[in-house]
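Undergrad: Take a look at the letters that make up each chain.
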Amino acid sequence: MRRDALSRTGALIRHNVMLMLREPGPLASRMILPLVFLLLLHPLYEQAQGQRNGITQAVVATIVTFSMLAMSIAGSSILTERIWHTWERLRASAAHPAELLVGKATPVLAALVLQQGAVLAFAAAVLGLRVAEVPLLLLVMLAWAVTLTGMGAALGLLVSSLSSLAACYDIGGMLLSSLGGALVPLAAMPIWVRHVAPVSPGYWAVSALEAALRGDTSRALIASAVLLAFGACACLIAGLRAARSWGRTSGL
Amino acid sequence: MLVASGLIKRYGDRRALDGFDLTVSAGEITGLVGHNGAGKTTFVEIVTGLVRPDSGRVTVGGVDALGDSRQARRLIGVAPQEQALYVTATVHDNLRLFAALAGLRGSRLRQAIERVAEDLRLSDVLGQRAGLLSGGQRRRTQAAAALIGEPRLLLLDEPTAGADPETRQALLAAVRARAAAGVAVVYTTHYLPELADLGATLAVARAGRVIARGSQQNLMHGLPGELRLRLDGAAIGRAATAAANTLMARRCPLPPELAGRARAVDGELRISSADPPADLAAVLAAGCTPVSVDVRKPDLDDLYRSLAAEVAHAA
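Going down the list, the protein sequences come from chains A and B.
59 is the number that our numbering gives to position 59 of the first sequence; each next residue is one higher, with no gaps.
203 is the number that our numbering gives to position 203 of the second sequence; each next residue is one higher, with no gaps.
It should be emphasised that the hints constitute simulated quantities derived from the structure, not laboratory data.
All values reported here derive from a predicted model rather than from experimental measurement.
Any given hint might turn out to be false.
As the list claims (entries may be wrong) - Now the stretches of chain B that chain A is said to cover, found in silico as 3 or more residues with beta-carbon under 8 Å:
(1) 37-51
(2) 74-87
(3) 102-109
For each residue, glycine too, the CB sits at the ideal point set by N, CA and C.
Please construct the entire structure, taking both the sequences and the accompanying hints into account.
TA: Structure (structure tokens):
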């Protein structure tokens, strides 16, 4: 029984990876654009904040902003299943809902972690970024990827078209990452922004990544825990929406 | 293999199912027919666990499909009404996924894909993306995904809607072969000739319940068809209904027992008839000489009308 479950989950993961690679455009742009952005803008951050802090800020800004935009990978992977009616078809198969979720989420998580890893590796190799605690940083990257996957899944279940989804992650992603102090440090923002910043997951992602890069374990763990709480809320919303949307009542 | 009893499903004030009962044995093909909104698709969704009924029972192969839906789904192959394919994936990729979800692996999986592709004439398009297939090929791929897991119960929800003759022929042959191997089949459709080809028994759904169940021969027996007489004279075709009836009556005086069943439609005299040869003889004996005669056999609409009248009469 357990072997069957593993086999089905493996088949779902392989299938979802294949779907992602069959239409590689969105994935490639989410991987390449952050590197271009970082390469072009890091001198600006270095000039404003000094070399070391400037590079850290540039890396964090790039990761948070572009990973927010990369929520589209999770959202569109769910929404296209709804549009193609394959979501219901999978639900009518012998697979357990948990197998379906793991099969769907694993490639998305991997893509989001890979995106962050690519930026960090590029910054370390080309810009001389120094990472104090690599395992801590990996933990933070995973927590942030889980949060983004949950938020992307919720969006994918709430919206009813690809254009609505694009609008949500373009506007929402930029808004939440700016509000969280990713692009411009909060210290340079108006006071009211500093007060509302903690409602944005972007704020906690910036905190967690900065802390992990500096080696501040406790701050990184606290911020990661808050991120996971955001992720859990998003997953709950996604779960409730999914439970209501099986069958012909999916709203598409 | 499939026993459903007393299924009730409400959506707000509307009852999609209202005491739906259906039993299908192993090796039996049941044509589930009825107008749109009769409850056919809701029934399929309940059996596959997509929708939970408000009350009632469903067992599949002895497994309680409402209590242990996943165990029951292992026995089921389903082709939903709406196309449900990964359009950016190839036909092979689609089939491989559904075969793997049904528990097939390795050489069994490969053989199952080859076999079902051959049965449904998809071998030449296995490497093509599903989104690039013709409508008929997509229908066949959808059916292949239902058949591939070697299910013991097949639920095919209007599998040939809009399909070309090749698709229909391939699909019917595949369904017949599965039934001959002991698979129970529920086949929803609006095409009676398909069910005749399949040798299916009929279950007629109306307003969320099965109102008639039996062989086609039994259910259709005694239903009136139609005797259609085209008379000479263009004026009849152009005249309004009442005037056309008057002109027809003048041109073709019918005995009273036939006149009560006759009406003028599009320049034809149409007589509801359970015994067309006898009625035609009566028409000719009355001195009416049509330029052409056509006999329409009773169809599903006649069956629905007849059953609806029976239900209304009983109420």
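Undergrad: Output the numbers, in ascending order, of every earlier hint that fails for this structure.
TA: none
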